[in-house]
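Q: Residue numbers (our numbering), protein chains in the order written: chain C, 706 to 983; chain E, 9 to 402.
In short, the hints are calculated from the structure, not lab data.
It cannot be assumed that every hint is accurate.
Unchecked claim - In the DSSO-like style, the derived pairs of lysine-lysine whose C-alpha atoms are separated by at most 30 Å in a straight line are:
| no. | chain 1 | residue 1 | chain 2 | residue 2 |
| --- | --- | --- | --- | --- |
| 1 | C | Lys749 | C | Lys939 |
| 2 | C | Lys877 | E | Lys294 |
| 3 | E | Lys39 | C | Lys877 |
Since we're looking at a predicted model, the values are computed, not measured.
For reference, the chains in residue letters:
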Amino acid sequence: MNIMNPDKTITEPGTGPQKVLDITALTMSFGGLRAVDKVDLDVKEGEIVGLIGPNGAGKTTFFNCITGIYPPDSGDINLIPQGRKPERLNGMKPNRITSHGMARTFQNIRLFQNMTALENIMVGRHCRTRAGVLGAIFRGPRTRREEREIINSSYTLLHNMGLGEFVNEYAKNLPYGAQRRLEIARALATDPFLLLLDEPAAGMNPQETEKLMELIETIRKSGVSILLIEHDMKLIMRISDRIIVLDHGLKIAEGNPQEIRNNQKVIEAYLGSSQVSG
Amino acid sequence: MKDLKQSFFISVWFMLLTFPIMVIRVNTIEKVVQWRWTNMAAMGIGTFILSYLWRYMLARKEAGAQENGDVLPWHQKLFSERKYFIPFVAAVLTFAALFPLFVSEYRVNIMITAMIYVVLGLGLNIVVGLAGLLDLGYVAFYAVGAYTYALLNYHFHVGFWLALPLGALVGAVFGILLGIPVLRLRGDYLAIVTLGFGEIIRLILENWGAFSFGPSGIANISRPTFFGMMITRSQGILFMYYLMIALGIFTIFVVNRLQDSRLGRSWLALREDEIACQAMGIDRMKTKLAAFALGATWAGMMGVIFAAKTSFINPASFTFLESAIILSIVVLGGMGSILGVTLGAFILILLPEELRAFSQYRMLIFGASMVLMMVFRPQGIISNVRRSYEYHES
Numbered sequence: 706m707n708i709m710n711p712d713k714t715i716t717e718p719g720t721g722p723q724k725v726l727d728i729t730a731l732t733m734s735f736g737g738l739r740a741v742d743k744v745d746l747d748v749k750e751g752e753i754v755g756l757i758g759p760n761g762a763g764k765t766t767f768f769n770c771i772t773g774i775y776p777p778d779s780g781d782i783n784l785i786p787q788g789r790k791p792e793r794l795n796g797m798k799p800n801r802i803t804s805h806g807m808a809r810t811f812q813n814i815r816l817f818q819n820m821t822a823l824e825n826i827m828v829g830r831h832c833r834t835r836a837g838v839l840g841a842i843f844r845g846p847r848t849r850r851e852e853r854e855i856i857n858s859s860y861t862l863l864h865n866m867g868l869g870e871f872v873n874e875y876a877k878n879l880p881y882g883a884q885r886r887l888e889i890a891r892a893l894a895t896d897p898f899l900l901l902l903d904e905p906a907a908g909m910n911p912q913e914t915e916k917l918m919e920l921i922e923t924i925r926k927s928g929v930s931i932l933l934i935e936h937d938m939k940l941i942m943r944i945s946d947r948i949i950v951l952d953h954g955l956k957i958a959e960g961n962p963q964e965i966r967n968n969q970k971v972i973e974a975y976l977g978s979s980q981v982s983g
Numbered sequence: 009m010k011d012l013k014q015s016f017f018i019s020v021w022f023m024l025l026t027f028p029i030m031v032i033r034v035n036t037i038e039k040v041v042q043w044r045w046t047n048m049a050a051m052g053i054g055t056f057i058l059s060y061l062w063r064y065m066l067a068r069k070e071a072g073a074q075e076n077g078d079v080l081p082w083h084q085k086l087f088s089e090r091k092y093f094i095p096f097v098a099a100v101l102t103f104a105a106l107f108p109l110f111v112s113e114y115r116v117n118i119m120i121t122a123m124i125y126v127v128l129g130l131g132l133n134i135v136v137g138l139a140g141l142l143d144l145g146y147v148a149f150y151a152v153g154a155y156t157y158a159l160l161n162y163h164f165h166v167g168f169w170l171a172l173p174l175g176a177l178v179g180a181v182f183g184i185l186l187g188i189p190v191l192r193l194r195g196d197y198l199a200i201v202t203l204g205f206g207e208i209i210r211l212i213l214e215n216w217g218a219f220s221f222g223p224s225g226i227a228n229i230s231r232p233t234f235f236g237m238m239i240t241r242s243q244g245i246l247f248m249y250y251l252m253i254a255l256g257i258f259t260i261f262v263v264n265r266l267q268d269s270r271l272g273r274s275w276l277a278l279r280e281d282e283i284a285c286q287a288m289g290i291d292r293m294k295t296k297l298a299a300f301a302l303g304a305t306w307a308g309m310m311g312v313i314f315a316a317k318t319s320f321i322n323p324a325s326f327t328f329l330e331s332a333i334i335l336s337i338v339v340l341g342g343m344g345s346i347l348g349v350t351l352g353a354f355i356l357i358l359l360p361e362e363l364r365a366f367s368q369y370r371m372l373i374f375g376a377s378m379v380l381m382m383v384f385r386p387q388g389i390i391s392n393v394r395r396s397y398e399y400h401e402s
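Here chain E stands alone, though its shape is the one from the complex (with noise of 0.2 Å):
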């Protein structure tokens, strides 16, 4: 009762607020004005309708929170139970090696898209989910790892295969020096450096023309060799389409690793309370520098790659939008979930290709969509579930 007076308000106070632009309208030829009442009735309503959903679904949502219940959410089931994970893990590969025979050559092109953006997301999952450092400048390390390949193929001819491990070098190295400087700062603060790093490379590489040819970026960077053949266009979307299911899995299966090892439960303490994690005896310098390191590293390899897939890079591919992409993929997946942030990725990156249909509208539904993700599932699409041990004899 008391939510329908609610709504009842808010549709009156909406029907004021838009009685300007949606009921007046003012016929500059004929010199009258229209008033468009129907108008009014119809915001009226439609507000109300919106409202009263709006609180039925916040006090389910609380409702939900009151019982939740020993019951095992379904993806948890899902990777405990082996006669669940087993088909679940077949159907998820035969679906992926299928996938190119049956779509067009451009639909693959934007699936290998999705897949540096999982890969990514699982990248900065480590910093942003595990380790709990909020990083607004990830895509420093992308540009980085796109960087080093494109130059060092422009200068030396080195092949990908080579550039594939270096890459993700250099990206840990940077994530090493971005992480010294920024060891004594959490919260915000860290934030804006890790955000002030993020402009710093872009702005270098867009201004040292010397270095990396500025704005204008590199080209005709060598696309990669089939165990030392040339491939054709097509084929090579082939092959960078596998090459992406391939990393996407070593992906998940070290980050599955680390999230359950000793390096792993170390982040996490960090996470929940730094001073607490040094009083057992963790070293704070030391798992925060592994955290970004590790975290470029994946961030590295795929600025490989995506110089590879694209065969030209420019600064402009590196801005800050890319971040916060990478970062809403995280946030929206569930922070800390593996499940999470590759379902984010996907949902994030495919989502928009789909809604192409609906241009107009694309970046508002996209908008909204987020806007009510984290007013109903803050803990994003997968909530991270901690591992529960058994006690075995030694």
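Excised from the complex, chain C in its bound form (with noise of 0.2 Å):
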């Protein structure tokens, strides 16, 4: 069964939906060690895609390669803005990967602990906005409409995510729970049009797992396509359109949930081959 590349014939224009990632051979080494090893992975647009492996696959380390913490060895990363022109992604700081439209969350929560849950929103709309120096100290009244429009957009969204009895409330002070989705409200405020979710439901309970799938398919249906990490295989199975399978930094499958449950390689990464030999 062939499904390394199951979409590779509808991605040609106006056959489908349009890639808005696309990224070919991706090669990441520490030392001697390939954490990533000649990756292709596309995520097209209003799509969810799923990547999973055991730990130690290289998950953490593609998601750090394509937002520009780490800079790739070789390889292609390319993000494709609708009607915009393709922009290499290799080797660019992270704020400009961000201001290009493609945001991110962590896996363990990097929030801004000492500032409200307001501010921290506040500061996901820097890229799009411009005040400077003199513009914060004379307060003009570009300055002054812009920043309205910083707090009624923030308030917005925060109320919009479900956060709005926090909205004062210092980040460090929020439950778990809502700490999680006011990090992927972070990533919202800059307006991205891709979204990268690391481990979004790490350490949540049931119903906050449950309310958090709802949250990733409003997303999705208000136009932004998403790359998740996941190691919950109840969530991503029910939640992605397409899933990729890491081990050892290769990608080892590529399919629809029902493929890669039924997928030999996945099973045998997850639980070694002796278990499935019979």
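Make one complex out of these two single chains by using the hints.
A: If you want it as structure tokens, here you go:
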């Protein structure tokens, strides 16, 4: 069964959704260890793509390569905003990548702890606004208008994410689930068309996970494509349109959840080969 | 009960420790040993009480931290409610305006120094308190400002009023010059490099005689003029006092606007988490450079004031101790809090002056109060409280 590139044919112009992220042969090594080895991956418009793999498979390294934290050794990362020319992300700084429209969250929550929930989101608006030093000091009409726009849009976003009660609360005082949501909200504040979520359900209880799934679905409906790393198999199988499996830095499978569930290589990677030999 | 027992052991331990010095005294003339047992008892009781008090205070502090509750701290109330804020500002301004009429020239002079440190503290607060970049060489920018005025005045007879903005500008340029090589550093490494930078500036000033006149410094720097009029020395002090009040208000105004702006938020984000900050689309380099430059601006400006005030400068005024004092002002006052830093500066500069009466114990009291402060209120006198926002239909 060839599931390596099942959608290859429908990416031609006019025959299906456009790619928003196109990664070819991405490789990243740390010393002698190849953490990511010639991995191809693409995300199409409005799609939720899941990235799974056993511990140490290279998922987070892969994420860090595309978001500019590590420069990849080789390969191509192209971000394709709708109606604009593609941007090659190799070696680009994380802040430039975000301003091109790809935002991310982190595996272990990285909120700005000593700022309020609203301010966290307001920071997310940074790359879409412009006021500089002089604007801050003189606070002219343009700066004031911009500031009001930042406050209002952040406020609205916070409410839409169900975090309205925490507006002026310090991020560090929020309950765990709310912190996870706030991190997603902060990423959305940068107006991305592609959102990268690194284990968003880690440490959540079943109810919170349920709410998270609804949230991800809502985000997709609003026109944002999603690339998702997750350990919670139930979540990823239910929510993903397509799943890519990494093991020891190699892509071992790609396909829809049904295909992945029955894929021999994937089962071996997760459970070991001897157990499924019969 | 446990505390009592612990305190008891500590007092016994201290009695043993101090036994050789406090109890035994060898009288070398009469060749006898005096045993002063009362000292030992006093030591024991004293240590016991102090140790118990210490434990009690710590326990109380922890209990307090758990309650915290939603009550606004008094200083927050002071600034958020108009009915408190306006009378408060009016009272402070009236006091500041009338202050020189009732006290000696000497005290006015000390007040000017205190105001200089208020501005320096607020400037360093941008770098350390807001952007979270530990800068141990801040005094270098102060020196740069002072020498900018002194040298321009010496060679080109540049006046005070032109030198003031120039000093600020040169300070900012040096801030960027320091900022560029340390962009990749943070935490301890940054502290070491900035410490080195501060020393480099001082050593250059000390050793490059042809440029800076070395350790003998530059004398006869012009005092400020008042709309082109020369003024007498005592008028000059008054004038300097009011000028410093104005500059202090200006600094507070600017720093306050900065910290609630887009730039201020990006500094805070940088302080909180550098990686997340970049992931939010914030240019780390630009943000850091802005913090260094804006922080150094104030130091440069105060350098000009300092040179004009003393009319003599030499490198000995710009040692690491100065940086340490300014940093203490920021940390003791409360990082990121304008009111805290202002109070911190007044306490740290005025307190040692007031303690001159106990001149022998001055530094002891000063040191002990710093230690106590850090144990019982590590967030500083006034902790920074972030602004609350309300939603307004646009």
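Q: What hints, given by number in increasing order, does this structure fail?
A: 3
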